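Student: Work the whole structure out from these sequences, hints included.
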Amino acid sequence: FPSHDKFEEMFNVSKNMFTSNIKSSKKYYDSFVEEHGLHIPREFVYHRAFPSLSLSDISEFIKVSDKLFKEYPPYVKDGLDLELAHSLVRHHQVYVTSNTVMIYSNPLKYIIQDVAFINTSNMIFSDMVGYSKPSKLIFRDDLDYHVGDNHITDGISDEYGIKFLDINNNEDIQILRELV
Numbered sequence: 001f002p003s004h005d006k007f008e009e010m011f012n013v014s015k016n017m018f019t020s021n022i023k024s025s026k027k028y029y030d031s032f033v034e035e036h037g038l039h040i041p042r043e044f045v046y047h048r049a050f051p052s053l054s055l056s057d058i059s060e061f062i063k064v065s066d067k068l069f070k071e072y073p074p075y076v077k078d079g080l081d082l083e084l085a086h087s088l089v090r091h092h093q094v095y096v097t098s099n100t101v102m103i104y105s106n107p108l109k110y111i112i113q114d115v116a117f118i119n120t121s122n123m124i125f126s127d128m129v130g131y132s133k134p135s136k137l138i139f140r141d142d143l144d145y146h147v148g149d150n151h152i153t154d155g156i157s158d159e160y161g162i163k164f165l166d167i168n169n170n171e172d173i174q175i176l177r178e179l180v
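Read in order, the letters of the sequence shown correspond to residues 1 to 180 in our numbering.
Just so you know, the hints here were simulated from the structure itself, not pulled from any lab data. Any given hint could turn out to be false.
[Said to hold, decoys possible] Using 27 Å as the maximum straight-line C-alpha spacing, the simulated DSS-like pairs for lysine-lysine come out as follows:
| hint | residue 1 | residue 2 |
| --- | --- | --- |
| 1 | 136 | 163 |
| 2 | 15 | 26 |
| 3 | 15 | 27 |
| 4 | 136 | 67 |
| 5 | 15 | 70 |
| 6 | 15 | 67 |
| 7 | 70 | 23 |
| 8 | 63 | 136 |
| 9 | 15 | 63 |
| 10 | 26 | 63 |
| 11 | 23 | 67 |
| 12 | 63 | 27 |
| 13 | 23 | 63 |
| 14 | 26 | 67 |
| 15 | 67 | 27 |
| 16 | 136 | 26 |
| 17 | 70 | 27 |
The structure displayed is predicted, hence computed values, not measured ones.
Tutor: Here it is, written out as structure tokens:
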């Protein structure tokens, strides 16, 4: 991801140190989110990873990172069936719910819209609502299915009456195929 190089250039922090510190901080906050269901501002993640940086330094990096994210969008997950995703969107009301810690909703929603044709009004991001999965508050209660890849933050939807389908499970993918 190009922001690693920009971070190194801006703050004289090596790519290995950047990656190691961010992974460690993100893991810490992921555990917190999984337990409490609250959104954690990404400034806290960066500040925990690099406590010597000022908040203005971190804010500047975040601006650069968001810009680079738009310029160099992430690749679509290998094996993701875009034809299936597009069919689901055409035949069903589809929502995206995401814990947005490292990248906030603003740049992310347009990439999702371009790839999956999901209307941005059907996207719920933790930085927008203040809650993260697994909190019930981030899930829409009028949905039949929740598709995800994390059995803790996504799988909890079963407890809320929304059937969890694991994107990495072939049997669950078959259920999705039968819906279109």
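Student: Looking back at the hints listed earlier, which ones does the structure fail to meet?
Tutor: 4, 8
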